[in-house]
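**Student:** Sequence:
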Amino acid sequence: MAEVLVLVKVADGKVNKATLEALTIARSLGEPAAVVVGAPADVVETLGEYGATKVYAADAEELRDYLVAPKVTVLEQLVREASPAAVLIPSTQEGKEIAGRLAVRLDNGVLIDVNELAVDGTATQVVFAGGTIVKSRVTRGIPLVTVRPSSVTPTPAPTTPAVVPVSVTLSDADKAARVVERVVEAKGARPELTEASIVVSGGRGVGSADNFKLVEELADLLGGAVGASRAATDSGFYPHQFQVGQTGKTVSPQLYVALGISGAIQHRAGMQTSKTIVAVNKDAEAPIFELADFGVVGDLFAVVPQAAEEIRKRKG
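Count the sequence shown with our numbering and you get residues 8 to 323, in order.
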């Protein structure tokens, strides 16, 4: 079987969930081959656990010093040398730029935010904020796609991957943008939003930034992450990096709790694949109830404290 290249994204020394999802999809297309650029070698075991039969390791010091372009160069070289069946890249902001640049260099078609990829290269994409599902295919070159976060559940398939060192010579163009400083973002005890199995989100109905403490409290009791609707972040209730929706982050947890969120299509596009959805809203006609598995019509400031107290009793 031909190789399927998967670009690895590493955060805090760990392989992120989006990469594991891409490896899961890659197994149905060919032999998954992970591409690690400038990352520590201790991720090889994790990549093998999720089916990577080979790990291309481009770990030269200079690859860490420049933005985006070196990763494109590594992928371009591997595509020309290995003739893979497809290239999968996590659909992050950086991943989309890498895919676009790689498509130009290879004179190849590219598909963004793909949910599924069939063996024949036909991709499934959800467009217009989840209102339409389309089938697409690259007509020039190999399937070059970015995989939408939370499209599939990462499934282990343990292997012992062979590690293949990759040597790359960067051009002057690759060195046009240099990293001059890295600052580690301070993180609390809550799980990362896109990787959490439980997410509690607040919307305009929460009313204020101070009232978001209620959302945080419920999330902490459940061991989940905190999210927010676009209306809430635009109103200054919560930071924009926690926005869930078409223009925010896509989540697909086991449990999604929507507090004071009306359920506009923009928000639904970012959470509608959640396994179980619970909504609390005082408006019985709110669109979120069309999507919810369990709905409570009521004042969240009365409902949530009662739910929190019941959770404490059961945990105690």
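In case anyone wonders, no lab produced these hints; they're calculated from the structure.
Among these hints, one or two may not hold up.
In silico DSS-like links for lysine-lysine, alpha-carbon gap of 25 Å or less [claimed, not checked]:
#	residue 1	residue 2
1	K142	K61
2	K142	K220
3	K194	K142
4	K322	K142
5	K24	K256
6	K21	K322
7	K21	K103
8	K256	K194
9	K103	K256
10	K282	K322
11	K103	K61
12	K182	K142
13	K61	K24
14	K220	K103
15	K61	K21
16	K320	K256
17	K182	K220
18	K21	K194
19	K322	K220
20	K282	K24
21	K282	K256
22	K220	K320
23	K182	K24
Derived Cβ-Cβ restraints for the label pairs, each shown as a range [claimed, not checked]:
#	residue 1	residue 2	range
24	E199	D72	22 to 30 Å
25	R112	E52	26 to 34 Å
26	I318	D127	35 to 43 Å
27	A180	K142	34 to 42 Å
28	Q248	V186	17 to 25 Å
29	K142	V171	28 to 36 Å
30	K142	E188	42 to 50 Å
31	S174	Q248	34 to 42 Å
32	D127	D66	33 to 41 Å
33	E316	Q261	16 to 24 Å
34	R147	E223	44 to 52 Å
35	E316	E83	43 to 51 Å
We put the beta carbon where it would ideally sit given N, CA and C, even for glycine.
**Student:** Next, verify each hint and record whether it holds.
**Tutor:** Verification of the hints:
With a CA separation close to 30 Å, the supplied pair K142 and K61 exceeds the 25 Å bound. This hinted pair does not check out: K142 and K220 have alpha carbons roughly 42 Å apart, beyond 25 Å. At roughly 39 Å between alpha-carbon atoms, K194 and K142 are farther apart than 25 Å, so this suggested pair is violated. Straight-line distance between C-alpha atoms of K322 and K142 comes to about 46 Å, which puts the hinted pair past the 25 Å bound.
Simply put, K24 and K256 have alpha-carbon atoms about 14 Å apart, close enough for the 25 Å limit, and the pair holds. Distance restraint check for K21 and K322: the Cα-Cα separation of roughly 31 Å exceeds the 25 Å cut-off, and the hinted pair is therefore not satisfied. As the CA atoms of K21 and K103 are separated by approximately 21 Å, the hinted pair is consistent with the 25 Å bound. About 17 Å separates the Cα atoms of K256 and K194, which keeps this hinted pair within 25 Å; it holds.
The straight-line distance between the Cα atoms of K103 and K256 is roughly 14 Å, inside the 25 Å bound, and the hint therefore holds. About 23 Å separates the Cα atoms of K282 and K322, which keeps this hinted pair within 25 Å; it holds. Only pairs whose Cα atoms come within 25 Å are accepted, and K103 paired with K61 is accepted, the gap being roughly 24 Å. With a CA separation close to 37 Å, the supplied pair K182 and K142 exceeds the 25 Å bound.
With a C-alpha separation of about 19 Å, the suggested pairing of K61 with K24 holds against the 25 Å cut-off. Distance check on the hinted pair: K220 and K103 sit about 34 Å apart at the alpha-carbon level, beyond 25 Å; violated. For the hint pairing K61 with K21, the CA-to-CA distance comes to about 18 Å; that is within 25 Å, so the pair holds. Using a Cα cut-off of 25 Å, the hinted pair K320 and K256 is violated, with the two alpha carbons roughly 33 Å apart.
Distance restraint check for K182 and K220: the Cα-Cα separation of roughly 45 Å exceeds the 25 Å cut-off, and the hinted pair is therefore not satisfied. Pair hint K21 plus K194 holds up; C-alpha atoms about 15 Å apart against a cutoff of 25 Å. Between the alpha carbons of K322 and K220 the distance comes to roughly 20 Å, so the proposed pair stays at or under 25 Å and holds. Under the criterion of a C-alpha separation no larger than 25 Å, the hint pairing K282 with K24 is consistent with the structure, at around 17 Å.
Note on K282 and K256: the hinted pairing holds, with a Cα-Cα distance of about 17 Å set against a maximum of 25 Å. Under the criterion of a C-alpha separation no larger than 25 Å, the hint pairing K220 with K320 is consistent with the structure, at around 20 Å. For the hint pairing K182 with K24, the CA-to-CA distance comes to about 29 Å; that exceeds 25 Å, so the pair is violated. At roughly 26 Å, the beta carbons of E199 and D72 sit within the given window of 22 to 30 Å.
Between R112 and E52 the C-beta distance comes to about 32 Å, which sits within the given range of 26 to 34 Å. For the pair I318 and D127, the beta carbons lie near 48 Å from each other, so the given range of 35 to 43 Å is not met. Checked against the given bound of 34 to 42 Å, the beta carbons of A180 and K142, roughly 36 Å apart, stay inside it. Between Q248 and V186 the CB atoms are about 21 Å apart, so this pair conforms to the stated range of 17 to 25 Å.
Between K142 and V171 the beta carbon distance is about 34 Å. The supplied range of 28 to 36 Å therefore holds. The beta-carbon spacing between K142 and E188, approximately 44 Å, falls within the hinted interval of 42 to 50 Å. In this structure the supplied range 34 to 42 Å holds for S174 paired with Q248, their Cβ-Cβ distance being about 37 Å. A beta carbon spacing of about 35 Å between D127 and D66 agrees with the range 33 to 41 Å that was offered as a hint.
Our hint of 16 to 24 Å for E316 and Q261 holds, since their Cβ atoms are close to 23 Å apart. For the pair R147 and E223, the beta carbons lie near 48 Å from each other, so the given range of 44 to 52 Å is met. In this structure the supplied range 43 to 51 Å is violated for E316 paired with E83, their Cβ-Cβ distance being about 58 Å.
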